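Asker: Given next are the chains, with one letter for each unit.
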Amino acid sequence: MQGALEDFFRALRASDVRISPAEAIDAHRTVATVGFADRELFKDALCATLAKTADEVERFDRTFDTFFTRQAFMAASPPPEDGDRDPMDGLPQEGDPSELARMLMAGDASALAQAMEEAAERAQVSQIRLSTQRSRLTRKLLEEMGLAEIERIIAAARRLDDPKGQAAGERLDAARQALAKEASAYVERQHELYASESGKNLREELLARKALNSDGGIDPVDLAMMQTLVKRMAKRLADRYSRRRSVAWTGHLDVRRTLRKSMGYGGMPFDIVFKTKKIDKPSIVAICDVSKSVAAAAQFLLTFLYSLNEVVDRMEAFAFSGRMISVNALLDEHKVETAILEVLKQIGFQQTDYGRSLEDFCDQHLDQLDRHTTVIFLGDARSNYADPRLDLLATIQKRSRALIWLNPEPESYWGQGDSVMHRYQRFCHVAKPCNTLGQLERIIEDVLRTYIPH
Amino acid sequence: MASVSALIQGLESVGYIASRRIATALFMAVNLQKPILVEGSAGVGKTELALSTAALLGLPLIRMQCYEGLDESKALYEWKYGKQLLYTQILKDRMGASLADAVDMDAAMDRLHGMGDLFFSEPFLEPRPLMKALQEDDGCVLLIDEIDKSDEAFEAFLLEVLSAYQVSIPEIGVLKAKTPPIVFLTSNNVRDLGDALKRRCLHLHIPLPDAALERRIVASRVPGIEADLVSQLVSFVQSLRTLDLRKSPSISETVDWARALILLNADALETEVVRDSLNVLLKFEQDIQAIEPQIAELIRKPLA
Chain E
2 MQGALEDFFR ALRASDVRIS PAEAIDAHRT VATVGFADRE LFKDALCATL
52 AKTADEVERF DRTFDTFFTR QAFMAASPPP EDGDRDPMDG LPQEGDPSEL
102 ARMLMAGDAS ALAQAMEEAA ERAQVSQIRL STQRSRLTRK LLEEMGLAEI
152 ERIIAAARRL DDPKGQAAGE RLDAARQALA KEASAYVERQ HELYASESGK
202 NLREELLARK ALNSDGGIDP VDLAMMQTLV KRMAKRLADR YSRRRSVAWT
252 GHLDVRRTLR KSMGYGGMPF DIVFKTKKID KPSIVAICDV SKSVAAAAQF
302 LLTFLYSLNE VVDRMEAFAF SGRMISVNAL LDEHKVETAI LEVLKQIGFQ
352 QTDYGRSLED FCDQHLDQLD RHTTVIFLGD ARSNYADPRL DLLATIQKRS
402 RALIWLNPEP ESYWGQGDSV MHRYQRFCHV AKPCNTLGQL ERIIEDVLRT
452 YIPH
Chain L
69 MASVSALIQG LESVGYIASR RIATALFMAV NLQKPILVEG SAGVGKTELA
119 LSTAALLGLP LIRMQCYEGL DESKALYEWK YGKQLLYTQI LKDRMGASLA
169 DAVDMDAAMD RLHGMGDLFF SEPFLEPRPL MKALQEDDGC VLLIDEIDKS
219 DEAFEAFLLE VLSAYQVSIP EIGVLKAKTP PIVFLTSNNV RDLGDALKRR
269 CLHLHIPLPD AALERRIVAS RVPGIEADLV SQLVSFVQSL RTLDLRKSPS
319 ISETVDWARA LILLNADALE TEVVRDSLNV LLKFEQDIQA IEPQIAELIR
369 KPLA
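So the sequences go chain by chain: E and L. 2 is the number of the first residue of the first sequence in our numbering; add one for each residue after it. 69 is the number of the first residue of the second sequence in our numbering; add one for each residue after it.
The hints are simulated quantities; they were obtained by calculation from the structure and are not laboratory data. Hints may be right or wrong, so weigh each one.
Said to hold, decoys possible - Restricting the straight-line Cα-Cα distance to at most 30 Å, the calculated cross-link-like pairs of lysine-lysine (DSSO-like) are: (1) K151(L) - K276(E); (2) K182(E) - K201(E); (3) K142(L) - K276(E); (4) K217(L) - K232(E); (5) K160(L) - K262(E); (6) K276(E) - K217(L).
As the list claims (entries may be wrong) - Label-pair distances were calculated between CB atoms; the ranges are: (7) E136(L) - N385(E): 49 to 55 Å; (8) V431(E) - Y135(L): 35 to 41 Å; (9) Y135(L) - H366(E): 33 to 39 Å; (10) D56(E) - E360(L): 30 to 36 Å; (11) D312(L) - T70(E): 32 to 38 Å; (12) Q178(E) - A232(L): 55 to 61 Å.
These figures come from a predicted structure and were not determined experimentally. Every residue gets a Cβ at the ideal spot worked out from N, C-alpha and C, and that includes glycine.
Go ahead and model the full structure; you've got the sequences and the hints to work with.
Answerer: Put into structure tokens, the structure is as follows:
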């Protein structure tokens, strides 16, 4: 049973339930306590030891059901009417009688199922990784069960003159075909258990590295997956950084305040006061370009803005293409999809004018900036040859704590054509190309980390 | 504690209707001697489970409520500073007498070292909940409530207590529990708990109950309520849960509502009574406003 449990752990890991060796040991102890007799008890007990969140419980239930379900074996041909007769009757006898042939002719479903399990272990079906391995593994599984012998018997039976023998051969052939079907279903189930998730993971990994503003943008097929990916990244950041932002005490005695408090006790330090630490409240001003040139990236930038809005207490979000507007209210009020649509509807896909937008910002929102504020610009700095208003960016830089520019274009494009990135760059504390989700996450995390200590 | 079904019956006898999954998790926690981390939305009976377990086993319950800024001096132990100061005063008075006949400084120091140092010793220790739980000779039920409200540092500090049932006090050494307590941690998912903590615990997620289970819970919690009324109000609550509300009513709200209906002498759900008592069930003004116009319709809905 240990082997089966190990396989089960592997299946669980494949469906993203994290199981450490310590948990595996716990699971073995659990099994030793409850035994296998009661399926429901077995399942619940394992679930309590292995699945650690509500999500994992759900995935555990699904994997458990797939893993421990054995559909009734359909391969068995109906057994001959009179039970006394030898099921092998009529088939040519040569050498040792085949065990598999006997099972097939007798229609012994449970024996067949067991034989298949054993053969699967020998053929290492559970090591399946890719969907392309399925047919090869099915073949190997059947061979391990003794297919070659069956085929030989069928061929020999067909050569016989005896009609009874031929009929028996046909019956064996039908049973063999059913068995093959059964084997391929078995391999399919194993693939689902061990490999289907890894394919998905690979795809997600590729998406995280895919350039957001590549030609043709994101494939519509990938869009949904991309959205969930962005949300998951934002959730990860939120989990990590939405925690407490103050430290209760850091362990250092505050001598001055302790002495002051001890006055009431005649100089005896009864009340001990520890030093507390004040922590900067993060304040972020994010300004996002949603014009035509960054259209593909804009959606994801906005999704990220939206998620950041949930993490950071003091965040002001702005979007611009020709003019600039504050999108805070929109992000607060709506769900993520509608919020993004709403922003794009109000301001998106127009001619970019960086100078004008900076003017708007400085006219109306400059008071948002103080020495605690980090300003994050998301945009390609392609200003359609309009005045880039460097002076305004300089003002912003002077007033804020840090100015970070994330550009979806690679660095070699900066300053080419109508891009004024190289001129803006001088005023930025950090200017980085950022055109994949992976990069975006890393940079935002860096920003958050400077505010929130660990 | 012999089997899961015995446990279900036992819990029922102290007024807690447990689903099979809950009882199995508790059974495993006792058998494997592991803490059990109970998650679920507010009011599904997380804390109640610990209370009922204590009642069932006849063990004392030691409860520790977590909050931001909770630290080990409030959770584990604190020195009795006042008494320690007094002790040093006595020491000073007595010291002169016992050291008077020492010939020189070295001899006095030797004698000083020879005296027992009681300054940091167990009599001066003020035990807090965690230590009290470890000191119970016959074991106890330790409830660490709303662990997600505490700091990460405190969570890390709990690891030693939860895995080895011992605590290290720098001045004294390691104190180990004679009988490991049964530990319940509850969490409302305000923040994600660390993997290290999760790994040391069994996990139990208590979902909102299905109608049949909820009927039994209401019947056991509100004795003397009529079966008709129970099934009516439970199906009303169940249909509320399918709607998009800011805070879905959980079991404790259902039970409160059942009690309220009895106080109001209601035999059956009627629009008027429901409207008057809706604030027991729903805790947000928007929710109440959203539901009010639909009350009649929700009551008429056939039982599921």
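Asker: Against which earlier hints does the structure fall short, listed by number upward?
Answerer: No hint contradicted; all consistent.
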